[in-house]
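Visitor: Hey, can you work out the whole structure from these sequences and the hints?
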Amino acid sequence: MAVLNEEQTMLKDMVSQWVRDRMPVSVARGLYDHSGGGRKDATTGFDRDAYGEVAAMGWSGILVPEAHGGSDFGAFSLGFVLEELARTLSPLPLLSSAMIAVSALRLGGNAAQQSAWLPGLADGSIIGTLAVDEGAHHAPDTLALTATRVANGWRLDGIKRPVADGMGADLFIVAARGEDATMLFLVPADTAGLTREPLDQIDARRPALLRFDGVLLGDDAVLGHGDALLSAILDRAYVGQAAELLGLATQAFETTLDYLKTRVQFGQLIGSFQALQHRASEMFGELQLTRSAVEAALAAIDADDPQLPSLASLAKAMANGTAHRITCEMVQLHGGIGMTHEHDAGLYLKRSRVAEQAYGSSSFHRERWARLNGY
Amino acid sequence: MQNITSLASPHRLQINIEAEPAATGPETDSQQKPGGMMEDQQFRQEVRDWLSANFPPALTGVNGLIFQGDAHAAAASKDFQAWRKAMADKGWGTPTWDKAYGGAGLSPAQAKIIAQELSAIGAFNPIRSYGTMMLGPTLLEFGTEEQRLQHLPRISTHELRWCQGFSEPGAGSDLASLQMKCVDAGDHWVVSGQKIWTSGADQADWCFALVRTDTSVKHGGISFLLIDMKSPGVEARPIVLISGSTHFCEVFFNDVKVPKGNLVGAVNQGWNIAKRLLQFERSSLSEVKTDVTPLAPIAHAMLGTDEEGRIADADARARIVHNAMRHAAYLQTVRRFNEEARNGGPGNGVSTLKNLWSGIVQRRAELLVEVLGADGLGWSGDAYPADAREATRALLHSKAFSIYGGSYEIQNNITAKRSLGLPDR
Numbered sequence: 098m099a100v101l102n103e104e105q106t107m108l109k110d111m112v113s114q115w116v117r118d119r120m121p122v123s124v125a126r127g128l129y130d131h132s133g134g135g136r137k138d139a140t141t142g143f144d145r146d147a148y149g150e151v152a153a154m155g156w157s158g159i160l161v162p163e164a165h166g167g168s169d170f171g172a173f174s175l176g177f178v179l180e181e182l183a184r185t186l187s188p189l190p191l192l193s194s195a196m197i198a199v200s201a202l203r204l205g206g207n208a209a210q211q212s213a214w215l216p217g218l219a220d221g222s223i224i225g226t227l228a229v230d231e232g233a234h235h236a237p238d239t240l241a242l243t244a245t246r247v248a249n250g251w252r253l254d255g256i257k258r259p260v261a262d263g264m265g266a267d268l269f270i271v272a273a274r275g276e277d278a279t280m281l282f283l284v285p286a287d288t289a290g291l292t293r294e295p296l297d298q299i300d301a302r303r304p305a306l307l308r309f310d311g312v313l314l315g316d317d318a319v320l321g322h323g324d325a326l327l328s329a330i331l332d333r334a335y336v337g338q339a340a341e342l343l344g345l346a347t348q349a350f351e352t353t354l355d356y357l358k359t360r361v362q363f364g365q366l367i368g369s370f371q372a373l374q375h376r377a378s379e380m381f382g383e384l385q386l387t388r389s390a391v392e393a394a395l396a397a398i399d400a401d402d403p404q405l406p407s408l409a410s411l412a413k414a415m416a417n418g419t420a421h422r423i424t425c426e427m428v429q430l431h432g433g434i435g436m437t438h439e440h441d442a443g444l445y446l447k448r449s450r451v452a453e454q455a456y457g458s459s460s461f462h463r464e465r466w467a468r469l470n471g472y
Numbered sequence: 024m025q026n027i028t029s030l031a032s033p034h035r036l037q038i039n040i041e042a043e044p045a046a047t048g049p050e051t052d053s054q055q056k057p058g059g060m061m062e063d064q065q066f067r068q069e070v071r072d073w074l075s076a077n078f079p080p081a082l083t084g085v086n087g088l089i090f091q092g093d094a095h096a097a098a099a100s101k102d103f104q105a106w107r108k109a110m111a112d113k114g115w116g117t118p119t120w121d122k123a124y125g126g127a128g129l130s131p132a133q134a135k136i137i138a139q140e141l142s143a144i145g146a147f148n149p150i151r152s153y154g155t156m157m158l159g160p161t162l163l164e165f166g167t168e169e170q171r172l173q174h175l176p177r178i179s180t181h182e183l184r185w186c187q188g189f190s191e192p193g194a195g196s197d198l199a200s201l202q203m204k205c206v207d208a209g210d211h212w213v214v215s216g217q218k219i220w221t222s223g224a225d226q227a228d229w230c231f232a233l234v235r236t237d238t239s240v241k242h243g244g245i246s247f248l249l250i251d252m253k254s255p256g257v258e259a260r261p262i263v264l265i266s267g268s269t270h271f272c273e274v275f276f277n278d279v280k281v282p283k284g285n286l287v288g289a290v291n292q293g294w295n296i297a298k299r300l301l302q303f304e305r306s307s308l309s310e311v312k313t314d315v316t317p318l319a320p321i322a323h324a325m326l327g328t329d330e331e332g333r334i335a336d337a338d339a340r341a342r343i344v345h346n347a348m349r350h351a352a353y354l355q356t357v358r359r360f361n362e363e364a365r366n367g368g369p370g371n372g373v374s375t376l377k378n379l380w381s382g383i384v385q386r387r388a389e390l391l392v393e394v395l396g397a398d399g400l401g402w403s404g405d406a407y408p409a410d411a412r413e414a415t416r417a418l419l420h421s422k423a424f425s426i427y428g429g430s431y432e433i434q435n436n437i438t439a440k441r442s443l444g445l446p447d448r
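Going down the list, the sequences are from chains A and B.
Residue 98 is where the first sequence starts when you use my numbering, and the numbers rise one by one after that.
Residue 24 is where the second sequence starts when you use my numbering, and the numbers rise one by one after that.
No false leads were slipped in.
Okay, the calculated beta carbon distance ranges per label pair:
| id | chain 1 | residue 1 | chain 2 | residue 2 | range |
| --- | --- | --- | --- | --- | --- |
| 1 | A | His131 | B | Ala341 | 40 to 46 Å |
| 2 | A | Gln362 | B | Pro317 | 46 to 52 Å |
| 3 | A | Val100 | B | Val240 | 39 to 45 Å |
| 4 | B | Asp329 | A | His234 | 18 to 24 Å |
| 5 | B | Pro317 | A | Asp238 | 22 to 28 Å |
| 6 | A | Asp238 | B | Ala341 | 17 to 23 Å |
| 7 | A | Gln362 | B | Gln173 | 52 to 58 Å |
| 8 | B | Asp329 | A | Thr359 | 48 to 54 Å |
Simulated from the structure, these hints should not be mistaken for lab results.
Backbone N, C-alpha and C define an ideal beta-carbon position, used for all residues, glycine too.
Guide: Quick look at the structure:
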């Protein structure tokens with residue numbers, strides 16, 4: 098863990114305390130039914146009241162400028178809030194709304210748009226999310242959803258899926274293929290022609306499938322143009338998702354480590370076996386690399402570092418790989434109990450696979466990093 | 024248990040260790056004193072002026088490890104000898120040591136300024152050696168005043184070379200099982216046995232060794248002894264490694280007489296001293312940085328590029344990129360650990376760091392040779408480009424990274440125990 102200042106240390110302690118009190122893993126478990134799938138009666142995939150508590154503590158406004166009701170405390174701080182919440186798989190739209198939607202408005206929004214949306218995103222009365230992916234893979238360069246010029250504005254046609262936290266979101270930041278450039282739109286959830294339906298994903302978080310059927314928008318809904326803006330927003334998404342994966346992987350590792358220290362076979366603690374000790378030591382090493390990559394990328398956001406795209410892909414690729422490996426080991430080292438829905442290992446595995454795919458798989462980010470670095 | 028610097032050789036894939044002040048002298052930071060910042064600036068200017076007058080320009084950018092590892096190269100270079108003498112006279116090779124020991128009596132902050140200014144002009148500390156990094160701090164902590172006065176001044180001038188006699192044929196990872204006998208013969212000790220993997224023993228003037236003074240207990244029967252390598256009965260033989268390097272030796276001790284006064288600390292207290300000394304070794308390990316040639320241009324040249332300018336061999340490219348990303352994350356980790364250590368962090372990550380480093384750079388060395396193809400398989404001859412031959416030797420050499428300084432397996436044991444709190448059997 099990087100060196101924190103006093104305010105950051107206080108914030109981190111506050112988050113840890115709140116997670117212990119209000120967001121044990123049983124909350125994430127509550128999204129599932131007894132079959133191991135998502136509860137059919139669940140609507141949003143997260144608890145709006147819990148998000149209200151998060152907002153009341155100021156976490157949803159960490160990236161929002163003070164003029165719009167936030168604390169402007171920086172991405173590094175928001176990063177360790179996301180990390181801490183992800184330790185218990187907290188089902189909350191903080192990444193979608195406070196990291197990604199807020200970043201989109203800060204990076205692309207004009208004064209009127211910022212005034213209209215940032216205060217609500219900061220106080221939690223509005224939940225925003227990015228609608229970028231459309232198919233099986235994260236492919237921001239090949240968008241199919243179209244934005245067509247019409248009288249007095251634009252018409253959107255196409256679909257978006259999976260949209261994280263999309264069933265409970267109030268505002269979608271929609272990436273579209275314009276007539277000659279990528280475009281980004283601000284689309285309130287109640288816009289005519291926009292419908293959404295829940296997806297029963299393995300993490301039970303209820304992402305949405307959005308259908309845009311001749312959705313008409315005014316020019317004031319245009320957040321911006323160009324691949325550069327979308328890339329800049331996505332860099333924040335990559336890093337934020339990596340921070341969540343780091344938290345998830347860290348907890349999965351610690352839970353597994355505790356098991357190695359309590360489970361007895363052949364008359365001894367299985368954590369005394371060298372084969373298992375070495376696997377644990379190697380996982381610990383991977384966590385160190387990942388933490389370094391994530392913290393460096395978070396710091397790069399705050400520093401406006403031109404290397405951010407490279408650092409963001411490094412962080413996401415490292416976090417994907419580490420969370421993948423550790424969740425596999427979590428199941429394996431717990432043995433039979435790790436295969437049961439009753440045990441938490443499966444919840445970590447399922448959430449990890451979703452977060453690994455979200456905003457780019459390992460191969461997506463290795464390819465991106467490779468191109469950025471001349472390979 | 025060889026120090027990481029012991030494998031110094033003029034290969035591409037090598038590690039450099041940043042100059043760091045040895046711990047001794049008054050522990051005052053000049054920045055804490057009134058007017059300290061001003062004094063620092065004055066001192067920095069003084070260092071700059073002195074360096075521009077005394078550092079031989081021909082040595083700019085030269086890796087000092089070459090001379091540290093090779094006595095013949097050191098003796099043959101007039102520039103090196105001039106530079107060594109200038110630094111020795113100034114006491115700046117061991118800046119924090121007292122003047123009585125050949126140092127300059129400077130504060131750690133001033134020592135850091137010297138290191139920074141050396142680095143800024145592409146200079147190296149010609150005094151840096153096993154003596155300054157490992158034995159010196161050990162004598163300052165455990166030695167008698169007589170031992171310090173005998174040895175430290177000649178370490179601080181790098182007149183004499185030291186080697187480390189720890190490992191034995193039967194005591195590698197399990198170092199404490201060492202057997203080299205040291206018997207009390209009244210007015211002197213008699214030492215007999217064998218050491219192995221002793222870096223530079225054939226060029227060394229002295230050896231600091233772990234010897235067995237009590238066979239009835241394991242750790243509690245070890246003592247720390249200083250042995251003159253010119254003593255009758257000492258024979259060092261270089262060992263030829265797979266890379267062709269002859270830097271390591273086996274050393275035979277046949278009834279070697281050693282004066283009583285050469286034992287450091289109390290009899291049978293050697294293991295504690297060795298553990299402390301290995302901490303000095305690890306603190307140098309944590310300073311490692313890798314200075315590596317970028318793989319991309321070589322891969323482009325050897326494997327071709329596709330229409331988008333990417334390495335054409337997709338399989339090789341994927342593996343190269345994966346390794347390069349891990350290397351980038353490793354460098355971030357070194358920076359993070361150093362920052363945390365400066366701020367009083369846990370500091371228990373050195374074993375983890377070492378395993379990450381060895382794994383990543385070994386993989387890299389393999390990839391480089393793979394990319395070179397048949398060109399990477401030459402041992403000698405003009406048919407093979409010099410760079411490629413270097414890469415091949417470096418690959419072979421790199422296999423030692425996960426063996427010396429505590430093997431990969433031992434480091435994992437240490438991580439499991441100290442960082443993760445996993446139980447013993």
